[in-house]
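Residue numbers (this note's numbering), protein chains in the order written: chain A, 490 to 578; chain B, 28 to 184.
The set of hints was computed from the structure by calculation and includes no laboratory data. Check the hints yourself; a few may be wrong.
As the list claims (entries may be wrong) - Here are the computed lysine to aspartate or glutamate pairs in the EDC-like style, where the Cα-Cα straight-line distance is at most 16 angstroms:
1. Lys533(A) x Asp167(B)
2. Lys136(B) x Glu535(A)
3. Lys533(A) x Asp162(B)
4. Lys148(B) x Asp521(A)
5. Lys557(A) x Glu517(A)
6. Lys533(A) x Asp521(A)
7. Lys514(A) x Glu111(B)
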Amino acid sequence: MKRLIIMSVFLLTACANTATQVIPKWPEAPADLQQPAVDLTPLKPEQRNLSDLISNSNENYTQYYILKERYEGWQNWYQSQQKIWQGLQ
Amino acid sequence: MFELIVNHFLGNIPVWVFPFMAGIGFGIFIIAGIAEHIEPVRIYALIARPVSFIVFVIGVFLYGGAGVVAIQQQALQEAQHRTELAEQAAADATKQLADNLASQEHLVKGRGYGVGQIISKDKTKIDRDCARLNDNAWEDYNRAVANSGSKILSPKK
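Same shape as in the complex, but just chain A (with noise of 0.2 angstroms):
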């Protein structure tokens, strides 16, 4: 009866699980959203005059709207990658 026991805990050991794991590759997110914020472009001393402030604002504006391209960028980008992620598990 020892000489069973022994042996029975002996083989269970062939089973135990030593199982690799495989890690899945970070994705690199586009270049576009790595780029870094640029200011915002004030008046030059210069620039007195109305079609200076319209134009400048536009030019901020058009700024504006690129950053909040990349930000709703980086979160569609997260979702798509969540969601493919959260189908590995």
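We have chain A already, so just place chain B on it with the hints.
What follows is chain B alone, placed relative to chain A:
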């Protein structure tokens, strides 16, 4: 160390050897049990019996281990396949997003340029009806642009 030795055996010896080894061990164990009662071979049987038992146990052990290794390898291959598919899907999603983003940025810049052209065209009309921006308006505007409460620029400089 023990795991290394076992893995070495499991990785380098064909699987059929292990049940064969267990069978031989078991066979010799039974024969040795009978031979113990035969006086001329008793001494050999006494030695062969524990040895054959150990051979039997090692054979069963390695055969079981080979089965576990085969199951793990299959699970590993499935996980690798799933990971490859996920990596490809992630790369495709990233590429699609990058293309979409580039297209949207191009559109935004294009619209900004279009508005700039309209402003240039209307420049004379805009400036005709409006006085020159005074220093306070200029400063306050730049303060808003810089998101700063302090006086950071002066149009007089």
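Hints and how they fare:
1. Of the pairs offered as hints, the one joining lysine 533(A) and aspartate 167(B) holds, with about 13 angstroms between alpha carbons and a cut-off of 16 angstroms not exceeded.
2. For the given pair, lysine 136(B) sits about 25 angstroms from glutamate 535(A) by alpha-carbon distance, which is inconsistent with the 16 angstroms threshold.
3. Under the criterion of a C-alpha separation no larger than 16 angstroms, the hint pairing lysine 533(A) with aspartate 162(B) is consistent with the structure, at around 12 angstroms.
4. Proximity of lysine 148(B) to aspartate 521(A) is assessed by CA-CA distance (about 32 angstroms); at most 16 angstroms being required, the pair is judged violated.
5. For the proposed pair lysine 557(A) and glutamate 517(A), the alpha carbon gap of about 20 angstroms is over 16 angstroms, so the pair is violated.
6. Of the pairs offered as hints, the one joining lysine 533(A) and aspartate 521(A) is violated, with about 29 angstroms between alpha carbons and a cut-off of 16 angstroms exceeded.
7. At roughly 9 angstroms between alpha-carbon atoms, lysine 514(A) and glutamate 111(B) fall within 16 angstroms of each other, so this suggested pair holds.
Going through the hint list in order, the structure does not satisfy hints 2, 4, 5, 6.
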